[in-house]
Amino acid sequence: MSQLTNEQLERYSRHIILEQVGGKGQKKILSAKVLIIGTGGLGAPAAMYLAAAGVGHIGLVDFDTVDLSNLQRQIIHLTNDVGKAKTQSGRETINAMNPDVQVHAYDEQVTAANIRDIIGDLDYDFIIDGTDNFPAKFLINDACVLMRKPFSHAGIIRFQGQTMTYVPDKSPCYRCVFPKMPPKDAVPTCRQAGVLGVMGGVIGTIQATEALKFVLGIGELLTGYLLTYDALTMTFRKIKIPRNRRCNICGEQPTITELFDYEQPTCSFGR
Amino acid sequence: MIVKVNGENFSAEKSLNIDELLAAVKADQPEYVTVQLNGEFVERADFPKTFLKDGDEIEFLYFMGGGQLVATDK
Amino acid sequence: MKSDAFLDITDVVCPITFVKTKVALEDLDDGQILELRLNDGEPVQNVPRSLKDEGHKVLTLEDNGDGTFTLWIEKAGLS
Chain A
1 MSQLTNEQLE RYSRHIILEQ VGGKGQKKIL SAKVLIIGTG GLGAPAAMYL AAAGVGHIGL
61 VDFDTVDLSN LQRQIIHLTN DVGKAKTQSG RETINAMNPD VQVHAYDEQV TAANIRDIIG
121 DLDYDFIIDG TDNFPAKFLI NDACVLMRKP FSHAGIIRFQ GQTMTYVPDK SPCYRCVFPK
181 MPPKDAVPTC RQAGVLGVMG GVIGTIQATE ALKFVLGIGE LLTGYLLTYD ALTMTFRKIK
241 IPRNRRCNIC GEQPTITELF DYEQPTCSFG R
Chain B
272 MIVKVNGENF SAEKSLNIDE LLAAVKADQP EYVTVQLNGE FVERADFPKT FLKDGDEIEF
332 LYFMGGGQLV ATDK
Chain C
346 MKSDAFLDIT DVVCPITFVK TKVALEDLDD GQILELRLND GEPVQNVPRS LKDEGHKVLT
406 LEDNGDGTFT LWIEKAGLS
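Chains as they are written, first to last, in our numbering: chain A, 1 to 271; chain B, 272 to 345; chain C, 346 to 424.
Rather than coming from a laboratory, the hints here were simulated on the basis of the structure.
Incorrect hints may appear among the rest.
Claimed, not checked - Below, a list of computed lysine-lysine pairs in the DSSO-like style, where the Cα atoms sit at most 27 Å apart: (1) 275(B) / 285(B); (2) 240(A) / 275(B); (3) 297(B) / 238(A); (4) 24(A) / 402(C); (5) 213(A) / 149(A); (6) 397(C) / 33(A); (7) 240(A) / 297(B); (8) 238(A) / 275(B); (9) 28(A) / 213(A); (10) 324(B) / 240(A); (11) 28(A) / 397(C); (12) 238(A) / 324(B); (13) 320(B) / 275(B); (14) 180(A) / 320(B); (15) 297(B) / 180(A); (16) 238(A) / 170(A); (17) 240(A) / 320(B); (18) 320(B) / 297(B).
The shape of chain A in the complex, shown without the other chains:
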């Protein structure tokens, strides 16, 4: 890509000063394409930090509209955005933050029928799973494994969070750790759907960190590790996880070779 403008040199100066980044690294970031599936508790902070960093193309996938109950943690959306499409609200915030970023909005829910097209639309470099339900999480894993795309998986609930990074051939995938989706009839009680707002900020920003490190080619990713976080005890643990030879999608004898949709949860507290 062409030279950085004076304004970009100033905007990204704190990046450029870093030995592991430099002008070269910032140009990589400006050329990068990151897809964020779900602009909720995890996706919102991830998107904002990636926009601030200057990721040139950010894809936002969300079929939902902004709800008042989202505002406690989905900081990309503001009070005046209630009722607006989340991708629209997300795009507006990002545009105001950084004109170097182009937002690509996908106003839909990921399904077996569309996820390949969405990922393939710009042939995204890295995918961030910001979803809050297991059908989507398994679908995203399967799509990324089959399409050979690196991605960050994460989940948050109450005062806990966890995340891992998948890079094709170099790490376990989500199914290595969790081979099967939990039964669809396990519906949460209201108490189980609470989450401290900041949890998304901590874990979502870690996901954005992994995306930037991948784009820059620096540091060690959370490949082969599940990072868990307990906010009450302020404990981070990095649990080493092996590739599972018996994994049904990335193991030695995979049984899953195509994408399919799981049943959706029946409780609307999913968000």
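Position chains B and C relative to chain A; hints supplied.
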């Protein structure tokens, strides 16, 4: 027998198998948890016949997806 | 002294002085020389030192007598 469960010491009078350990630590949703023993995944079918010994390190990995099944209720 | 590139950073303040110089050096090959015009004060106090820390060779620093200095730097292996 003293083993490490999720990084914390746990002691038991006799050697337990994994099912018994899950019950002893009152693990949440034991039917959905993923178990690692000394870094390797243990198949669910092997839980009753996998007996622990001194110094073993066990990790219980929970689904965490938000809104659905949840991690340990602490 | 001959140089392979020239950069004037008298229009910016620290740390952008260092940032612009760093980026200009990225475009040179090892061993090439950058001629830099910089202001007295913070820039001349900080930039040569920072460039040395990055591994580049500071060849000569000349006082231009008009409140600016000229610095010749040889790019060395790191970035």
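Here is how each hint holds up against the structure:
1. Distance hint between residue 275(B) and residue 285(B) is fulfilled; the C-alpha atoms sit about 15 Å from each other, no more than 27 Å.
2. A threshold of 27 Å between alpha carbons decides the hint, and for residue 240(A) with residue 275(B) the separation of about 15 Å falls inside it, so the pair holds.
3. For the given pair, residue 297(B) sits about 23 Å from residue 238(A) by alpha-carbon distance, which is consistent with the 27 Å threshold.
4. Restraint check for residue 24(A) and residue 402(C): satisfied, since their Cα atoms lie roughly 21 Å apart, inside the 27 Å limit.
5. Simply put, residue 213(A) and residue 149(A) have alpha-carbon atoms about 15 Å apart, close enough for the 27 Å limit, and the pair holds.
6. Only pairs whose Cα atoms come within 27 Å are accepted, and residue 397(C) paired with residue 33(A) is rejected, the gap being roughly 35 Å.
7. With a C-alpha separation of about 23 Å, the suggested pairing of residue 240(A) with residue 297(B) holds against the 27 Å cut-off.
8. For a cut-off of 27 Å, the pair hint linking residue 238(A) to residue 275(B) stands: about 15 Å separates their Cα positions.
9. Between residue 28(A) and residue 213(A) the alpha-carbon distance is near 11 Å, which keeps this suggested pair within the 27 Å criterion.
10. For the suggested pair residue 324(B) and residue 240(A), the alpha carbons sit about 20 Å apart, so the restraint of at most 27 Å is met.
11. For the hint linking residue 28(A) to residue 397(C), the alpha-carbon distance of about 25 Å falls within 27 Å, and the restraint holds.
12. Distance check on the hinted pair: residue 238(A) and residue 324(B) sit about 23 Å apart at the alpha-carbon level, within 27 Å; holds.
13. Annotation: proposed proximity of residue 320(B) to residue 275(B) holds, straight-line Cα distance about 19 Å (limit 27 Å).
14. Proposed proximity of residue 180(A) and residue 320(B) is supported: the alpha carbons are some 22 Å apart, at most 27 Å.
15. With a CA separation close to 22 Å, the supplied pair residue 297(B) and residue 180(A) stays within the 27 Å bound.
16. With a C-alpha separation of about 17 Å, the suggested pair residue 238(A) and residue 170(A) falls inside the 27 Å cut-off, and the hint holds.
17. At roughly 24 Å between alpha-carbon atoms, residue 240(A) and residue 320(B) fall within 27 Å of each other, so this suggested pair holds.
18. Between the alpha carbons of residue 320(B) and residue 297(B) the distance comes to roughly 19 Å, so the proposed pair stays at or under 27 Å and holds.
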